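Trainee: So the protein lines, in turn, are chains F and P. The numbering of the first sequence is this note's numbering, which starts it at 1 and goes up by one. The numbering of the second sequence is this note's numbering, which starts it at 146 and goes up by one.
Among the hints, a few may not be true.
Quick list of in silico lysine-lysine cross-link-like pairs, DSSO-like style, CA-CA up to 30 angstroms [unchecked claim]:
no., chain 1, residue 1, chain 2, residue 2
1, P, LYS222, P, LYS239
2, F, LYS4, P, LYS178
3, F, LYS71, F, LYS105
4, P, LYS239, F, LYS143
5, F, LYS105, P, LYS223
6, P, LYS178, F, LYS143
7, F, LYS143, F, LYS4
8, F, LYS117, P, LYS223
9, P, LYS233, F, LYS140
10, P, LYS223, F, LYS71
11, P, LYS292, P, LYS178
12, F, LYS143, P, LYS181
13, P, LYS239, F, LYS140
14, P, LYS239, F, LYS70
15, F, LYS5, F, LYS29
16, F, LYS29, P, LYS233
17, P, LYS222, F, LYS117
18, P, LYS178, F, LYS140
19, P, LYS257, F, LYS29
20, F, LYS81, P, LYS269
21, P, LYS257, P, LYS269
22, P, LYS233, P, LYS223
23, F, LYS140, P, LYS269
24, F, LYS105, F, LYS81
25, P, LYS223, F, LYS5
26, F, LYS4, F, LYS105
27, F, LYS81, F, LYS117
28, F, LYS29, F, LYS143
29, F, LYS105, P, LYS181
30, F, LYS105, P, LYS257
31, P, LYS269, F, LYS29
32, P, LYS292, F, LYS81
33, F, LYS29, P, LYS239
34, F, LYS117, P, LYS233
It should be emphasised that the hints constitute simulated quantities derived from the structure, not laboratory data. Predicted model, so just to flag it, every value in this text is computed and none were measured.
Single-letter residue listing:
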Amino acid sequence: MGEKKTEVLLIEDNPGDRRLIREAFDDGKMAVNLHTAQDGVEAVVFLRREGRYADAPRPDLIILDLNLPKKNGHEVLAEIKADEQLKRIPVVVLTSSEADTDIAKCYNLHANCYIAKPVDLEQFSAVVQTIENFWFTTVKLPKGE
Amino acid sequence: MNGNSLQYPAAAITILLVEDNPGDVRLTQEALKDGKLAVNLRVVQNGVEAMAFLRREGEYADVPRPDLIFLDLNLPKKDGREVLAEIKSNDGLKNIPVVVLTSSEADTDIAKCYNLHANCYITKPVDMEQFATVVQTIENFWFTIVKLPEEE
Numbered sequence: 001m002g003e004k005k006t007e008v009l010l011i012e013d014n015p016g017d018r019r020l021i022r023e024a025f026d027d028g029k030m031a032v033n034l035h036t037a038q039d040g041v042e043a044v045v046f047l048r049r050e051g052r053y054a055d056a057p058r059p060d061l062i063i064l065d066l067n068l069p070k071k072n073g074h075e076v077l078a079e080i081k082a083d084e085q086l087k088r089i090p091v092v093v094l095t096s097s098e099a100d101t102d103i104a105k106c107y108n109l110h111a112n113c114y115i116a117k118p119v120d121l122e123q124f125s126a127v128v129q130t131i132e133n134f135w136f137t138t139v140k141l142p143k144g145e
Numbered sequence: 146m147n148g149n150s151l152q153y154p155a156a157a158i159t160i161l162l163v164e165d166n167p168g169d170v171r172l173t174q175e176a177l178k179d180g181k182l183a184v185n186l187r188v189v190q191n192g193v194e195a196m197a198f199l200r201r202e203g204e205y206a207d208v209p210r211p212d213l214i215f216l217d218l219n220l221p222k223k224d225g226r227e228v229l230a231e232i233k234s235n236d237g238l239k240n241i242p243v244v245v246l247t248s249s250e251a252d253t254d255i256a257k258c259y260n261l262h263a264n265c266y267i268t269k270p271v272d273m274e275q276f277a278t279v280v281q282t283i284e285n286f287w288f289t290i291v292k293l294p295e296e297e
């Protein structure tokens, strides 16, 4: 009781993947508040707390898909990592792309890690829970703001 | 180049450990030896040596490019924050993931390292068994779950 929940921003346009990720967090060990943005523009508005996101919490972790409508994941990543207020928030790229050029580009843009979505549903949940355990149990995250 | 006994399988993972404390070096070596993957662990003891290794200067002309870097913060000659800043602003090196592994739990160190684009920040557990578990957790996460960039 009273324990602060971990805030995660999931930037993902595929409804099936959003649902799988939500279910994996629900079944995981930690109390996670999962927020979703369905395209790159919405993600940046959420992070900058503009418009209807004026009261949005600052996420402790961002899970970012690459192929997104309106503004793609590479652009979102570049904006986050060039913004003095946002750059400290770890960004886990979670995408179906296994292209070496995407992997290299994301690390060059300072993605904290790059993970390919497994096709198998059970493996997908296992990967989401491994992300949760690693980033919220093993790693020390920066304090807000 | 080396005798047979020193050759590593082509697919072996190379980790560069930048750590001045011999006890922590030994614990890390033992934890990786007991881990699931074949790791070629290279150790340097200060920040100047770390940069010479990464730039393949002098005695390091033939070293492999590491797949992952474990970086302590409080180091002789050049400290870990400076090493991190140099790696992450160098176009040839910035895509190598850097795991900061330190005894510091100071919020200022944590914030500074993420601002300098450390890939993650982990504090060393004091307990030896927990230390080994953390090293193996890092190994499993970065080499089985994560996709690493191809060399150069």
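Trainee: None of the hints should be skipped; say for each whether it holds.
Mentor: Consistency of the hints with the structure:
1. LYS222(P) to LYS239(P): Judged against 30 angstroms, a Cα distance of about 22 angstroms means the pair holds.
2. LYS4(F) to LYS178(P): Violated - the C-alpha atoms of LYS178(P) and LYS4(F) are around 38 angstroms apart, more than 30 angstroms.
3. LYS71(F) to LYS105(F): Roughly 16 angstroms between the alpha carbons, so the hint for LYS71(F) and LYS105(F) holds.
4. LYS239(P) to LYS143(F): 24 angstroms, holds
5. LYS105(F) to LYS223(P): 29 angstroms, holds
6. LYS178(P) to LYS143(F): 34 angstroms, violated
7. LYS143(F) to LYS4(F): Distance of about 12 angstroms is within 30 angstroms: holds.
8. LYS117(F) to LYS223(P): 39 angstroms, violated
9. LYS233(P) to LYS140(F): OK: LYS233(P) and LYS140(F) at ~20 angstroms, within 30 angstroms.
10. LYS223(P) to LYS71(F): Answer violated: LYS223(P) to LYS71(F) is near 40 angstroms, above 30 angstroms.
11. LYS292(P) to LYS178(P): 22 angstroms, holds
12. LYS143(F) to LYS181(P): 33 angstroms, violated
13. LYS239(P) to LYS140(F): 21 angstroms, holds
14. LYS239(P) to LYS70(F): Between LYS239(P) and LYS70(F) the Cα gap is close to 28 angstroms, so the pair holds against 30 angstroms.
15. LYS5(F) to LYS29(F): 12 angstroms, holds
16. LYS29(F) to LYS233(P): 33 angstroms, violated
17. LYS222(P) to LYS117(F): Violated - the C-alpha atoms of LYS117(F) and LYS222(P) are around 42 angstroms apart, more than 30 angstroms.
18. LYS178(P) to LYS140(F): 25 angstroms, holds
19. LYS257(P) to LYS29(F): 29 angstroms, holds
20. LYS81(F) to LYS269(P): 26 angstroms, holds
21. LYS257(P) to LYS269(P): 18 angstroms, holds
22. LYS233(P) to LYS223(P): Answer holds: LYS233(P) to LYS223(P) is near 15 angstroms, not above 30 angstroms.
23. LYS140(F) to LYS269(P): Judged against 30 angstroms, a Cα distance of about 11 angstroms means the pair holds.
24. LYS105(F) to LYS81(F): 13 angstroms, holds
25. LYS223(P) to LYS5(F): 38 angstroms, violated
26. LYS4(F) to LYS105(F): 34 angstroms, violated
27. LYS81(F) to LYS117(F): 23 angstroms, holds
28. LYS29(F) to LYS143(F): Cα-Cα ~21 angstroms, so holds.
29. LYS105(F) to LYS181(P): 29 angstroms, holds
30. LYS105(F) to LYS257(P): With Cα atoms ~23 angstroms apart, LYS105(F) and LYS257(P) stay inside 30 angstroms; holds.
31. LYS269(P) to LYS29(F): Status holds; Cα separation ~22 angstroms.
32. LYS292(P) to LYS81(F): 20 angstroms, holds
33. LYS29(F) to LYS239(P): 33 angstroms, violated
34. LYS117(F) to LYS233(P): 26 angstroms, holds
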